[in-house]
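Which chain is which? The protein sequence lines are A and B, in order. Using numbering that gives the first Met the number 0, the first residue of the first sequence is number 0, and each one after it goes up by one. Using numbering that gives the first Met the number 0, the first residue of the second sequence is number 0, and each one after it goes up by one.
In short, the hints are calculated from the structure, not lab data.
Rough simulated footprint, nothing fancy, chain A against chain B, three-plus residues with beta-carbon under 8 Å:
no., segment
1, 5 to 15
2, 39 to 46
3, 49 to 56
Every residue gets a Cβ at the ideal spot worked out from N, C-alpha and C, and that includes glycine.
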Amino acid sequence: MSRFDLLIDAHIPHLRRYARALTGDVARADDLVQDTLERAWIKFHLWQPALALRPWLFAIMHNVYVNQVRANARRAHSALADDDAAALAARANQSDMLEVNDIIACLARLPQEQREVLLLVSLEDLNYSEVGRILSIPIGTVTSRLARARTKLRTLLDGSGQGSLKVVK
Amino acid sequence: MSTDTAREHDIHAFVDNEIDAARLAEVEALLARDPAAATLVNDIREQRARLHAAFDGVLDEAVPARLMRPVRQRSRFGAIAAAFAWLAIGVAVGWMVRDARDERTRMPLPRQAAVAHAAFTPEVRHAVEVPASEEAHLVRWLSKRLGANVRAPRLNELGYELLGGRLLPGAGKPGAQFMYQDAGGRRLTLYVTKDADNRDTAFRYLNENGLHVFYWIDQQLGYALSGDIDKEQILRVARAVYEQLNP
Chain A
0 MSRFDLLIDA
10 HIPHLRRYAR
20 ALTGDVARAD
30 DLVQDTLERA
40 WIKFHLWQPA
50 LALRPWLFAI
60 MHNVYVNQVR
70 ANARRAHSAL
80 ADDDAAALAA
90 RANQSDMLEV
100 NDIIACLARL
110 PQEQREVLLL
120 VSLEDLNYSE
130 VGRILSIPIG
140 TVTSRLARAR
150 TKLRTLLDGS
160 GQGSLKVVK
Chain B
0 MSTDTAREHD
10 IHAFVDNEID
20 AARLAEVEAL
30 LARDPAAATL
40 VNDIREQRAR
50 LHAAFDGVLD
60 EAVPARLMRP
70 VRQRSRFGAI
80 AAAFAWLAIG
90 VAVGWMVRDA
100 RDERTRMPLP
110 RQAAVAHAAF
120 TPEVRHAVEV
130 PASEEAHLVR
140 WLSKRLGANV
150 RAPRLNELGY
160 ELLGGRLLPG
170 AGKPGAQFMY
180 QDAGGRRLTL
190 YVTKDADNRD
200 TAFRYLNENG
210 LHVFYWIDQQ
220 LGYALSGDID
230 KEQILRVARA
240 VYEQLNP
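Based on the sequences and whatever the hints tell you, model everything.
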């Protein structure tokens, strides 16, 4: 485990960025990062240095996130993803930058599955096969989900600003 | 999959640098003749740019202390992991103590480093034995005495200039100290020892009477970076040291 902590440390900012975009809430995002790191710490003996560490950490984060969403959905009628949407929307309202507002609010309205694929590719620059492994889905699914996510985001962005009258449900 | 869908997917793959070499020419031809395809490319790129504009700021934020090891308090997982870690340390320490012939002289690495730091950083004229101007000689000499290749990391980008170094009596083994100084005259020291019994460790931290010491062991060499400036800053320097020594 000699270099494990150090290696992980280098990825924490990226984990935080992804978690922030995924949940839209600073504290929730850091809770997610913390849970992920704790899980990684327990599972580090399963990590092989030959495997890229970043996808491995993102895969752990995905599992933690999905479990949280499920657990929350069981506890309450509202799914965590809905809370995230609300948090993202709230955050968007607090932001000073209109452009940033738009994208954050629109991101919140994407289905969780699409949001994950979109962020892993477009924000975190992971390649399709890494994203497939992270989310445990075939590459074909990555491609189609990604295309749907981008189309939907485009539609949402068109409807949210620039005076467009397009109504987005 | 319809042809349209396949084409659309190709365009996404093109923007994401995922396109097969065999299909590249086909996609480029499509982009040249089909304005809708070109628009899609622009849309995808614009989304990318906007996502980065919205969230890249997070990368520059200071990482909250609760996310930095070894602080793990909140969850059950953390408690379990910490318990195992302490157990492992306890076993390791017990083993070392049992095994050590000269256990009384065996000071832990961070303590040796802290003592050496306290002893020599206040010195004005004799802070170092060999000045940075003779760095090549210094490094050769220390490497020879320690029986391992040691180097003085470059920390100029972080504002610390190498002053020089010295050889120190470690706990039964020689140690090397490199001293650095910033523009404000604040000093950091990097302490290096070699011990065949050393086992690799993670990055660890100790506060030794107000002195921050980050230390780790890598391939039998123990490193400890000490200073009484801001802890976060020392951590940054420690990371830089680690990265330079493990390219």
